[in-house]
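Asks: Given next are the chains, with one letter for each unit.
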Amino acid sequence: MIARRDLHSTPPLLIILNTLLVGLLLLPAAYLVIRAADDPGDAWDYITQTRTLDVLWNSVVLALMVALGSTILGVPLAWLTVRTDLIGRRWWTVLFTLPLVLPSYVGAFALLSAVGPSGFVQDWLGVERLPDIRGFFGAWLSITLFAFPYVFLSVRAGLRGLDPQLEAASQVLGKNPLQTFLRITFPQLIPSIQAGALLTMLYALSDFGAVAFMRFNAFTRVIYIQNTQSFRPSRVAMLSLELVALAILVIIVSRWIEGNAAAYRRQNTRPPTRISLGRWQIPALLFCGMVIMLALNAPVGVIAYWLINGLQTGQELNDIFEPLQNSMRIAGITALVAGLVGLPLVFLQARFPGTISRWLNIGATLGFALPGVVVAISLVYFATRYAGSIYQTLPLLIFAYLVRFLPQLIGPLRASFLQINPHVEESALTLGKNRWQVFATITAPLIRSGWIAGVALVFLTVMKELPATLILSPTGFSTLATEIWSATGEAFYARAAAPALVLVLVSALSLIYILEPND
Amino acid sequence: MTDALICNHVTKTFDRTPAVTDLTFTLPRGDFLALLGPSGCGKTTSLRLIAGLESPNSGSIILNGKPVASDSVWIPAHQRKVGLVFQDYALFPHMNVARNISYGLNGSNQRQRVGEVLELVGLTGLEKRLPHELSGGQQQRVALARALAPNPSLILLDEPFSNLDAGLRLQVREEVRRIVKEADVSTILVTHDQEEAFSLADDVSVMLNGAIVQTATPLELYTQPATPEIARFIGDANLIDGIAHGDRVETTLGELALQKPATGPVKVLIRPEAVSIHLDDAPNAEVTAISYFGHDQLVTVFINGETIQVRTGADIRIERGQRVRVTVEGRVLGY
Numbered sequence: 001m002i003a004r005r006d007l008h009s010t011p012p013l014l015i016i017l018n019t020l021l022v023g024l025l026l027l028p029a030a031y032l033v034i035r036a037a038d039d040p041g042d043a044w045d046y047i048t049q050t051r052t053l054d055v056l057w058n059s060v061v062l063a064l065m066v067a068l069g070s071t072i073l074g075v076p077l078a079w080l081t082v083r084t085d086l087i088g089r090r091w092w093t094v095l096f097t098l099p100l101v102l103p104s105y106v107g108a109f110a111l112l113s114a115v116g117p118s119g120f121v122q123d124w125l126g127v128e129r130l131p132d133i134r135g136f137f138g139a140w141l142s143i144t145l146f147a148f149p150y151v152f153l154s155v156r157a158g159l160r161g162l163d164p165q166l167e168a169a170s171q172v173l174g175k176n177p178l179q180t181f182l183r184i185t186f187p188q189l190i191p192s193i194q195a196g197a198l199l200t201m202l203y204a205l206s207d208f209g210a211v212a213f214m215r216f217n218a219f220t221r222v223i224y225i226q227n228t229q230s231f232r233p234s235r236v237a238m239l240s241l242e243l244v245a246l247a248i249l250v251i252i253v254s255r256w257i258e259g260n261a262a263a264y265r266r267q268n269t270r271p272p273t274r275i276s277l278g279r280w281q282i283p284a285l286l287f288c289g290m291v292i293m294l295a296l297n298a299p300v301g302v303i304a305y306w307l308i309n310g311l312q313t314g315q316e317l318n319d320i321f322e323p324l325q326n327s328m329r330i331a332g333i334t335a336l337v338a339g340l341v342g343l344p345l346v347f348l349q350a351r352f353p354g355t356i357s358r359w360l361n362i363g364a365t366l367g368f369a370l371p372g373v374v375v376a377i378s379l380v381y382f383a384t385r386y387a388g389s390i391y392q393t394l395p396l397l398i399f400a401y402l403v404r405f406l407p408q409l410i411g412p413l414r415a416s417f418l419q420i421n422p423h424v425e426e427s428a429l430t431l432g433k434n435r436w437q438v439f440a441t442i443t444a445p446l447i448r449s450g451w452i453a454g455v456a457l458v459f460l461t462v463m464k465e466l467p468a469t470l471i472l473s474p475t476g477f478s479t480l481a482t483e484i485w486s487a488t489g490e491a492f493y494a495r496a497a498a499p500a501l502v503l504v505l506v507s508a509l510s511l512i513y514i515l516e517p518n519d
Numbered sequence: 001m002t003d004a005l006i007c008n009h010v011t012k013t014f015d016r017t018p019a020v021t022d023l024t025f026t027l028p029r030g031d032f033l034a035l036l037g038p039s040g041c042g043k044t045t046s047l048r049l050i051a052g053l054e055s056p057n058s059g060s061i062i063l064n065g066k067p068v069a070s071d072s073v074w075i076p077a078h079q080r081k082v083g084l085v086f087q088d089y090a091l092f093p094h095m096n097v098a099r100n101i102s103y104g105l106n107g108s109n110q111r112q113r114v115g116e117v118l119e120l121v122g123l124t125g126l127e128k129r130l131p132h133e134l135s136g137g138q139q140q141r142v143a144l145a146r147a148l149a150p151n152p153s154l155i156l157l158d159e160p161f162s163n164l165d166a167g168l169r170l171q172v173r174e175e176v177r178r179i180v181k182e183a184d185v186s187t188i189l190v191t192h193d194q195e196e197a198f199s200l201a202d203d204v205s206v207m208l209n210g211a212i213v214q215t216a217t218p219l220e221l222y223t224q225p226a227t228p229e230i231a232r233f234i235g236d237a238n239l240i241d242g243i244a245h246g247d248r249v250e251t252t253l254g255e256l257a258l259q260k261p262a263t264g265p266v267k268v269l270i271r272p273e274a275v276s277i278h279l280d281d282a283p284n285a286e287v288t289a290i291s292y293f294g295h296d297q298l299v300t301v302f303i304n305g306e307t308i309q310v311r312t313g314a315d316i317r318i319e320r321g322q323r324v325r326v327t328v329e330g331r332v333l334g335y
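Chains V and D supply the protein sequences, listed in that same order.
All residue numbers for the first sequence refer to the working numbering, where the first residue is 1 and numbers rise by one.
All residue numbers for the second sequence refer to the working numbering, where the first residue is 1 and numbers rise by one.
Possibly wrong hints are sitting among the right ones.
When the alpha-carbon atoms are kept at most 20 Å apart in a straight line, the in silico SDA-like pairs for lysine to any residue are as follows [as the list claims (entries may be wrong)]:
1. V:K433 x D:N151
2. V:K433 x D:L239
3. D:K260 x D:R331
4. V:K433 x D:R331
5. D:K260 x D:L239
If you are wondering where the hints come from, they were derived from the structure by calculation, not from laboratory data.
Only chain V is shown next, with the shape it has when bound in the complex (with noise of 0.2 Å):
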């Protein structure tokens, strides 16, 4: 039986790449464990001190809050700009987008220099003291604020998606608009919610900038904190990897309840049908003008007033070229390499799907459980012993923005390989074209879009990234988010806003490549 060929059994060849690239994506995850094992009697002693577990608690509550949060603001405006005929919706779609591109340390400063102890309303109020919004409040808002768009367009996607029969087929069976929503519309949008919100909580258990800014005891900052106070690797890496083990229950959980949560899902050509407000445009439009005005203007108007407060002190502008080269330079060789590497980890799942391209896949996109500062201090303490000429090089900062992005890029590309019809490729192959020549001629124009989407997506949050970068850059290497954080750390507010405009401007325009595919 030499001539016999399982055309749809997996090239070896591709596997033997993934699991090298996999094993690779692995590495800081599990020299975590490596490392928490030095003295790991002592580890555990101090996870498990009280001002340790207030730290967990701290993180669950603050993650929590930011799903509600985001749920709360999110599936209004997206119900809003879908199914009713709310004045002006596509702008508003637009605007409720933009917050992503708004770092949450960037909102984080901006509330801070605002009405912070030092901040200029405090002095137009003439006050002595506003209450003082450092803490959980602090650290919660400027994450919500910047976190909800993900369950906006989940649950936008979710709304578009559902069958408007299905509404219909409600009132004809004789319920009201009202018990429609609730028992036909609402349990369908269950998934939407909960892709939404694990986005949202990942957000918050991996973000360092907010809790930073507002001094929030949550993981992500004490790790910082003993990493550059404490000299037992053991103890930062045991907290490390109980951050991780968080993440991933919040990932298995809500894995659970969309497993749960039935929906009937199917292309859906039929224009949603839309309900008329009335009376009610008013106060509508007042709830997005306000969502806006938090999540948008207000953080634009601040760092734009101390831009302006600046120069007139004499702040010099040309100071900001070296740091948007470098951020550029790193987004973009990060976004390119992750769109190489990319290709063949989707490719198999996509085509080959079966036991060993999930268990590849898992491993890929584990570093949506691995904030940018667990990875950082992983590699760090993997450089020092063991390689001490990569550490605080580009490359390895690159590796480690790989580790946390390369998920990223992974689901829109995956979507875009799964939209071709396979009849299309078969087709190639009956007309004599070899499987490399239908790859190149009829697969990879298809997945474009795709491609470009979840490669802009890297170079977004490459842009963003601060505490791997703050950890890893070599010395000397200043990027925006470097720029930002020094600037405010020191309270030069006025020194950290123009980084902080020409990062937003820049996110805000790789953004355009990340939604134009979908809209």
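Assemble chain D onto chain V, guided by the hints.
Replies: Just chain D now, kept in the frame of chain V:
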């Protein structure tokens, strides 16, 4: 002259589920063969095996006298030069009509060939259109033109008419038959529609449960089905019990003439149109249901404990419950 295609006991199993258990037939050069069977019988898998998109577990496939799949040979799809038209057409969405059609062409004169096949399918002038700008019927003809362009010796059509609405289907069917005959290419059409298979094909292979059970002309298949299962699948069939004595058979409808002599208990096939209804005063049956079609009607009658279907002219006025006399004309087939 070598045959266009020979399949010898080809089998294919997916995850222990047999899809094709015995694919055996011969397609003479220039012939139009229909592969007819109910959904899930393995027709599409058969096409994919012939095209080289699946590899068989055993058996051999011989294309123009050259083995392409056997125990010792494997020629992949892109080297087989077999044209395939999918049910969903599978046009390349990012290429216009001309680029779709020239995709399988090499060398010079591509433009000329595109023009030729476009003329053949009657779509001259649509070169620059993108697939989504075409109607369903046009997309289908582009798919056919694309498959024909590299001059394949064999073309495979997978349920090509099922995505068209009824009115268009008849017209496109005739069109496709003309095109493949004009292109002088051997053709296999996969379909579950008996009328489609009969009206288009020179020969019909009936596939049931993964195996080809009979290959014959439409006329032979209808009048001489090899087994009662085939008889039941092809057209309407009354199968009743009888006792054969040589060339006569005793049934509840009386003594009938047999096509082939037999002895002992047999199953007797009586096509509904072989039964006649008479409205005289010697009734032997009762009408239990009537389906009126306009060009004819299908009447169900109850006679001596047996339910029989009768196809009769549209102009006879019959009512349910009416007593009528039924007789069988001609010779019947016994199994």
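Asks: None of the hints should be skipped; say for each whether it holds.
Replies: Going down the list of hints, with the structure as the test:
no., hint, in the structure
1, V:K433 x D:N151, "15 Å, holds"
2, V:K433 x D:L239, "51 Å, violated"
3, D:K260 x D:R331, "9 Å, holds"
4, V:K433 x D:R331, "55 Å, violated"
5, D:K260 x D:L239, "16 Å, holds"
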